[in-house]
Structure formats: C-alpha cells, structure tokens
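Protein chains in written order, with the numbering used here: chain A, 1 to 374; chain B, 1 to 374.
Simulated from the structure, these hints should not be mistaken for laboratory data. Heads up, a few of these hints could be off.
No distinction is drawn between identical chains; accordingly, a pair holds when it is met within one copy or between any pair of copies.
To be verified - Computed cross-link-like contacts, DSS-like style, restricted to lysine-lysine with a CA-CA straight-line distance of at most 30 Å:
#1 325 to 52
#2 313 to 73
#3 305 to 52
#4 52 to 162
#5 12 to 111
#6 292 to 52
#7 124 to 325
#8 242 to 108
#9 7 to 207
#10 108 to 172
#11 52 to 224
#12 224 to 368
#13 195 to 104
#14 52 to 313
#15 305 to 76
#16 76 to 292
#17 242 to 76
#18 195 to 76
#19 325 to 83
#20 73 to 292
#21 52 to 83
#22 325 to 73
#23 76 to 108
#24 108 to 161
#25 104 to 16
Number of protein chains: 2
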Amino acid sequence: MSEKFHKYTLIKNDGKARLGSFSTIHGSFDTPNFMPVGTKASVKGVDHERLKEIGTQITLVNTYHLMLRPGEKLIKDFGGIHKFCSWEGPILSDSGGFQVFSLKGIRKLSKEGVEFRSVIDGSKHFLSPERSIEIQEALGVDIAMAFDECPDGRLEYDDVKKSLDITLGWEKRSLEAKQREETALFAITQGGMFKDLRTYAIEELSKLPFDGFAIGGLSVGEEKEQMYDVLSYHPQDLPQDKIRYLMGVGTPRDIVEAVHNGVDLFDCVMPTRAGRFGRAYVSGEEVFINIKNSAHATSNEPVDKNCDCIACKRYSRAYIHHLFKAGEMLGPILLSTHNLAYYLNLMKRIREAINSGSFEALYSDECKKAKWYK
Amino acid sequence: MSEKFHKYTLIKNDGKARLGSFSTIHGSFDTPNFMPVGTKASVKGVDHERLKEIGTQITLVNTYHLMLRPGEKLIKDFGGIHKFCSWEGPILSDSGGFQVFSLKGIRKLSKEGVEFRSVIDGSKHFLSPERSIEIQEALGVDIAMAFDECPDGRLEYDDVKKSLDITLGWEKRSLEAKQREETALFAITQGGMFKDLRTYAIEELSKLPFDGFAIGGLSVGEEKEQMYDVLSYHPQDLPQDKIRYLMGVGTPRDIVEAVHNGVDLFDCVMPTRAGRFGRAYVSGEEVFINIKNSAHATSNEPVDKNCDCIACKRYSRAYIHHLFKAGEMLGPILLSTHNLAYYLNLMKRIREAINSGSFEALYSDECKKAKWYK
Numbered sequence: 001m002s003e004k005f006h007k008y009t010l011i012k013n014d015g016k017a018r019l020g021s022f023s024t025i026h027g028s029f030d031t032p033n034f035m036p037v038g039t040k041a042s043v044k045g046v047d048h049e050r051l052k053e054i055g056t057q058i059t060l061v062n063t064y065h066l067m068l069r070p071g072e073k074l075i076k077d078f079g080g081i082h083k084f085c086s087w088e089g090p091i092l093s094d095s096g097g098f099q100v101f102s103l104k105g106i107r108k109l110s111k112e113g114v115e116f117r118s119v120i121d122g123s124k125h126f127l128s129p130e131r132s133i134e135i136q137e138a139l140g141v142d143i144a145m146a147f148d149e150c151p152d153g154r155l156e157y158d159d160v161k162k163s164l165d166i167t168l169g170w171e172k173r174s175l176e177a178k179q180r181e182e183t184a185l186f187a188i189t190q191g192g193m194f195k196d197l198r199t200y201a202i203e204e205l206s207k208l209p210f211d212g213f214a215i216g217g218l219s220v221g222e223e224k225e226q227m228y229d230v231l232s233y234h235p236q237d238l239p240q241d242k243i244r245y246l247m248g249v250g251t252p253r254d255i256v257e258a259v260h261n262g263v264d265l266f267d268c269v270m271p272t273r274a275g276r277f278g279r280a281y282v283s284g285e286e287v288f289i290n291i292k293n294s295a296h297a298t299s300n301e302p303v304d305k306n307c308d309c310i311a312c313k314r315y316s317r318a319y320i321h322h323l324f325k326a327g328e329m330l331g332p333i334l335l336s337t338h339n340l341a342y343y344l345n346l347m348k349r350i351r352e353a354i355n356s357g358s359f360e361a362l363y364s365d366e367c368k369k370a371k372w373y374k
Numbered sequence: 001m002s003e004k005f006h007k008y009t010l011i012k013n014d015g016k017a018r019l020g021s022f023s024t025i026h027g028s029f030d031t032p033n034f035m036p037v038g039t040k041a042s043v044k045g046v047d048h049e050r051l052k053e054i055g056t057q058i059t060l061v062n063t064y065h066l067m068l069r070p071g072e073k074l075i076k077d078f079g080g081i082h083k084f085c086s087w088e089g090p091i092l093s094d095s096g097g098f099q100v101f102s103l104k105g106i107r108k109l110s111k112e113g114v115e116f117r118s119v120i121d122g123s124k125h126f127l128s129p130e131r132s133i134e135i136q137e138a139l140g141v142d143i144a145m146a147f148d149e150c151p152d153g154r155l156e157y158d159d160v161k162k163s164l165d166i167t168l169g170w171e172k173r174s175l176e177a178k179q180r181e182e183t184a185l186f187a188i189t190q191g192g193m194f195k196d197l198r199t200y201a202i203e204e205l206s207k208l209p210f211d212g213f214a215i216g217g218l219s220v221g222e223e224k225e226q227m228y229d230v231l232s233y234h235p236q237d238l239p240q241d242k243i244r245y246l247m248g249v250g251t252p253r254d255i256v257e258a259v260h261n262g263v264d265l266f267d268c269v270m271p272t273r274a275g276r277f278g279r280a281y282v283s284g285e286e287v288f289i290n291i292k293n294s295a296h297a298t299s300n301e302p303v304d305k306n307c308d309c310i311a312c313k314r315y316s317r318a319y320i321h322h323l324f325k326a327g328e329m330l331g332p333i334l335l336s337t338h339n340l341a342y343y344l345n346l347m348k349r350i351r352e353a354i355n356s357g358s359f360e361a362l363y364s365d366e367c368k369k370a371k372w373y374k
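Use the sequences and the hints to build the structure in full.
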C-alpha cells in the first residue's frame, strides 16, 4: 500500500536466519540490525557523528519520554524528530506502552487507554492507541509501534490471555488511527511464555496490514530458558515477507540466538548502560571485561583488539581504567561508544555470515562462549 | 642551553601584544594560545580527536592529581604522559603548588616542602621543589612548572612578602633539581597585588636560566580591577625573549586584556566547567547564553553562528536545551566542546590580528561588550 515510502526486502535465507533490508524515506537499513537506543532523542554519551562513524543505520526514540519533554508539538513545529535531533537516517519510535505499564501505582487503566502522571512534574497525561499514533506521527518517525500492553513475564495464563485480548484490540485501533503514509506501523505480538497465546497473537495480527511484526514481552523478568523457548518456535511463524523485530533484547548471545530463529531487528540499552558502568564487550572467549578491574591498570592493550572504534583505536585499557577510577566522564563516553561499535560489528558479521551461507558456524562459535551462561 | 629541545620565538609585536611560537619535541604551538585543562589527563567530556578537530595545540595536566592517581610511576612505566593519555602534542604540567595550598587544614608547611593527606584515601604525601620536578620529569611533560606557594589574593603586604621569599627559594631549588633536558622549566612570579614585590620577583627570577615565565597569584580571590592593574605593569617587565604564561586565567575578556599587555599563554577550567552547567560563549554583543533558558527551547539557530565545532555545525539551540533539561550527558559534552572551540578560535583571531597589526581594533571591540562587566 505505502511501499513507495517503506518496504522490507528479504534477500536471502541461511537456515532460519534472514538477510534483508528495510527502506524508508530517510534511507535503508540492512537486516539483521541493531538500533542504538536514544530514549530522549539522544543515545547516552554518543553524538550522532560518532554513531555514524561506528556504522549505525537506524536509531530508536521513545514516545513516552518525548511526549512529556519536550512534547511532540515542539518537535513537530521544528520539522520533525530527524531535524530536531539531527539524525538523517531512519528512526523508529516505541509506542510508550512498555513505559506506561512499568509506572505501577501512578497509572489508571481503562478500555479506552491509560491515564498516568508525569514523573517530571506530576501532571496528568493520557495514552491510548489513538493518542500514541498521533504522537508518533507528529514526531515524524519512519517506523511507529502499535500501542500494546506488556505483561510481566511471570504472570499466569489467564492474566496473560486477558492482557493479550486488550492488546489485540488496541493494536487494531492503532492501525485504524494511522494516517501518515510515510510512517510504517509495526504490530507487537504478546502472549507471554504460552505457545498457544503467541500463535493466537500471530493469527490475529497477521490478518491486518501491518508493515512489520515485533515480538514484545520478552526479557521482562522471565528465565532465560523461557525466552529461548519462545524464540525456538515463535519468530518462524511470523509472516515471511515482513520484517521481524525483537524488542528490548539483549546480550550479543541473545541476539545471535534470535537471528538463528529468524529475527531481523533489535534494540537494547545494554551496550550504553554497561559502558557507563565500566563493562566492555570484547571479542574472543572473554566476552566482556570490567575495565575498573585492577588487572587493566597497566595494560597497554586496546579494549578490543578487533575493534576500530575511537576507544580501541586511540586509547589503552590502562587509560580508560584510569578515567573510570578518576570519575572522568570520558570513560563512560568511550566505553558506550565501543560497546555500540561492538554490537554493530556483530550485526555486520552476522549479515556477512548469512550472505556467505556460514551463519551456523558463527552461531555455534558464539554458543560455545561459556561466560554467557554465568 | 637546551634549545634543541624547546625554544620560544618572538615573531612580531603589535603594541605590547606578541605573536610567537614555542617548539617542543612533541611539536610547536603558536602564541598567544590557550591550553584546555586536562587535570587528571582528560579534558572533561572532550576526547583527544575532538580536541584536535577544534584546533588544540597544547594541553595541561596536573602534577598533584596525577601523583595521587594513577601515580607518576605507572605513567613513566607506560612510556610517559603522551603515550598514556594518547595526546601527541605538547603537554604542560602544573607543579601542584596551587592545589596543595588550597588544601587548608590537611597540609603541613615547612621550609623543606609541604606534607599533605590524599583526598582519595587519606594517605600521607609530600611535595617539595625536588619532588615536584621529579614527578613532572617522570611524567615526561614538555613544560614543567616550578614549585611555588600561591598566596590568597587578599593577603596583606607582609604576608605576601614572606610567601614570596619562600617561593623564590623553592623556584631556585626547582631549577637545581631539574635533570631532563627535553622538559622546559618555567618560573612563576608571585607578589600578590603589590607592584614592588612583583618587580622584585622578576628581578630575582630573571637572573636564573628558566625557559619561560608564568604569572601566578592572579584570579585567586582579588577584585577584577586589581588583576587588571597588575596586568597593566607586570607582564611587560618579564624578559622579552621568553614566553609569558598567565596561570588559571580566565574569561575571554581577561585573555584579551592580558594579550594587550604582552601575555602569550593561558589555561582555565572555565570553558569546560561553564559548558557542563549550560553556559555557552557566543560571538557578538551577547557574549554568552544560558542554554537552559526557555528562550532557546524552540530556537533553530546554532549555539554560535560563527563557530564550526560539532555542536554548532550539527545541532540547534533547541536540541541542546532539551539535552540539558532531560539530563542527557550529550549536553555537557557538546557545550564543553563548543566553549573550547570558542576560546581557541578567539586565540586564532588574536594571532591573526597581531600578525596584521590590527590587534588594537580587536581589543577595543572586546572591551565594548558591556556584559563582561556585569
């Protein structure tokens, strides 16, 4: 319908893993891919020129945070989110559902939507499918997400079923509310850890003309084994001709597992959050290091010898260790940049492996790294 | 004597203002110039590639902070400060005198030196002229500072005189302690706001083979008029064939005043500190803005339309305003970078003005900006 504005192209399969691309009016991104998280229209500690340098193709912003500050009207009047935050490439916005449902105690749920109080000034706000889509279209993002309810990963069957029925109604209303052709709208499957509910969600949502399908409700408190169980059957049942996005996940190991099961797109705060606290991802068996560990105090090695980001190209572990010990903000800046570079480089290696038909070897190598299971 | 390692060249005078250059084994810097302050071997929020991009030619580190953490031994074993912090250009180190004397209550002064307790772990340390030079040579800086006592700018004559006599003895001992030919050693004049003491300091210090002369004890609590009074007679009496460095000063207006009186080199935490708190220097009559002011919330203008740093080239005032309101670290990063770019651009304009014999016009323009006197 609106293929002139956005379109997913499946290029190649390697087992269940998929190589593809998604085009928007702000350019295309290759899949599988990872979106650095710019919740409030800024990826913490990393400016947009650096994001480009390390190979970022698409970023994510959050409806909930931006509606509260600076407000979608200001951003719309400014000419949209791309102009406001000076990122020329594709931008996806989360619908705010996940954030609102984590505001326990200061929200009131009805069939219509959710009333909640701002964490900034206590003022009353309302989010519904219609309102969320209105905000996302005002932001002018390339990809909007349907408004859903995200249940806790430890809920019982009946509660998850009830929540899923609300979500399915809301997603349909999200689609009906959509007006802007340039913005793609992705559905979100819920259903917790229950296979029949997940299958039901796909059946219902795939009847509707969504432009992509996201998997929600994972990495929300459940055991890792449960998430991997859902990944083993769920993504492959999503429509083949649409992009598949696993929301808010995860570690490099999780990403490799999901790609192995046919997922195309990811986002997670982990690389920047870990970077701010001194954890750095490294290639090889080690998987990650804590730069604050005294073992690095005199090390002339780069954080990761296989990385060519500014942190690894220019600085030593000893210097970055010193920055963290001394409380210098350059430490978090450098490791946030490096960790994102690590993730984006992993996605590039994944795409190259699928392209050459060798993804299973990469998958098998990653699975062998024992540290992931600690 | 050690001219093959470092040398000041006076290129041109324009009134009392001087155009020159100073060469070191890590390259030359033009004068007048400004040194971004990297107290703990990091300029807060600005990595070294960005420092280069905005035209930084020399940076400053601090003996006191680095002796406590990570310790000069670690840096020496690493191959010196340039290698440790990955800055290829010239580096000057402060001697630690200023910092130690601001540790009121946890220091003990003797003729030999100063005993003090670490603010990090309470451990006992000792700084003397000999020890300070030993540390600075271990760091391997291009320019070391003599160890001095910096009296409060509001002290009476007799106290300043007493302090100056200690300082002159310590500076002589600093020179005697110096062994490394590659490191230039600068004297520091003290004497508070008293003309005869300042003159006496110059007489005594200029008898000794220092490689440069710094003016200490200004911007330490005295009135602005008192500082400008000292600047009106003091710099011009320093040796013509040596570089002149005004320590810890100051606003752009202060710098222009000092250049007008024959000063060549500056350092100050002001641009980065102001940037962290949302103050941005701008060209034109406005002088500076507070980006957090609501007037900037919807402004599509760059912070400074005459600046081509990353903050001004890529982002709007509205976006940077949002970053500060949202508590995003990218705000301080961008404004710290911009303010340093503003200072370095001012120094470049000053050098060009001296070179073309038009410095007085620049000086007069800057003096007219009323906001400096608020």
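Consistency of the hints with the structure:
no.	hint	in the structure
1	325 to 52	both (29 Å within a copy, 25 Å between copies)
2	313 to 73	between (41 Å within a copy, 25 Å between copies)
3	305 to 52	both (21 Å within a copy, 24 Å between copies)
4	52 to 162	neither (43 Å within a copy, 58 Å between copies)
5	12 to 111	neither (42 Å within a copy, 79 Å between copies)
6	292 to 52	both (28 Å within a copy, 27 Å between copies)
7	124 to 325	between (42 Å within a copy, 20 Å between copies)
8	242 to 108	neither (34 Å within a copy, 73 Å between copies)
9	7 to 207	within (18 Å within a copy, 78 Å between copies)
10	108 to 172	within (21 Å within a copy, 75 Å between copies)
11	52 to 224	neither (32 Å within a copy, 45 Å between copies)
12	224 to 368	within (16 Å within a copy, 67 Å between copies)
13	195 to 104	within (27 Å within a copy, 68 Å between copies)
14	52 to 313	both (16 Å within a copy, 15 Å between copies)
15	305 to 76	between (43 Å within a copy, 24 Å between copies)
16	76 to 292	between (43 Å within a copy, 21 Å between copies)
17	242 to 76	within (29 Å within a copy, 58 Å between copies)
18	195 to 76	neither (41 Å within a copy, 61 Å between copies)
19	325 to 83	between (37 Å within a copy, 19 Å between copies)
20	73 to 292	between (43 Å within a copy, 19 Å between copies)
21	52 to 83	both (16 Å within a copy, 27 Å between copies)
22	325 to 73	between (42 Å within a copy, 17 Å between copies)
23	76 to 108	within (28 Å within a copy, 62 Å between copies)
24	108 to 161	within (20 Å within a copy, 72 Å between copies)
25	104 to 16	neither (38 Å within a copy, 68 Å between copies)
In this structure, the hints that do not hold are numbers 4, 5, 8, 11, 18, 25, in rising order.
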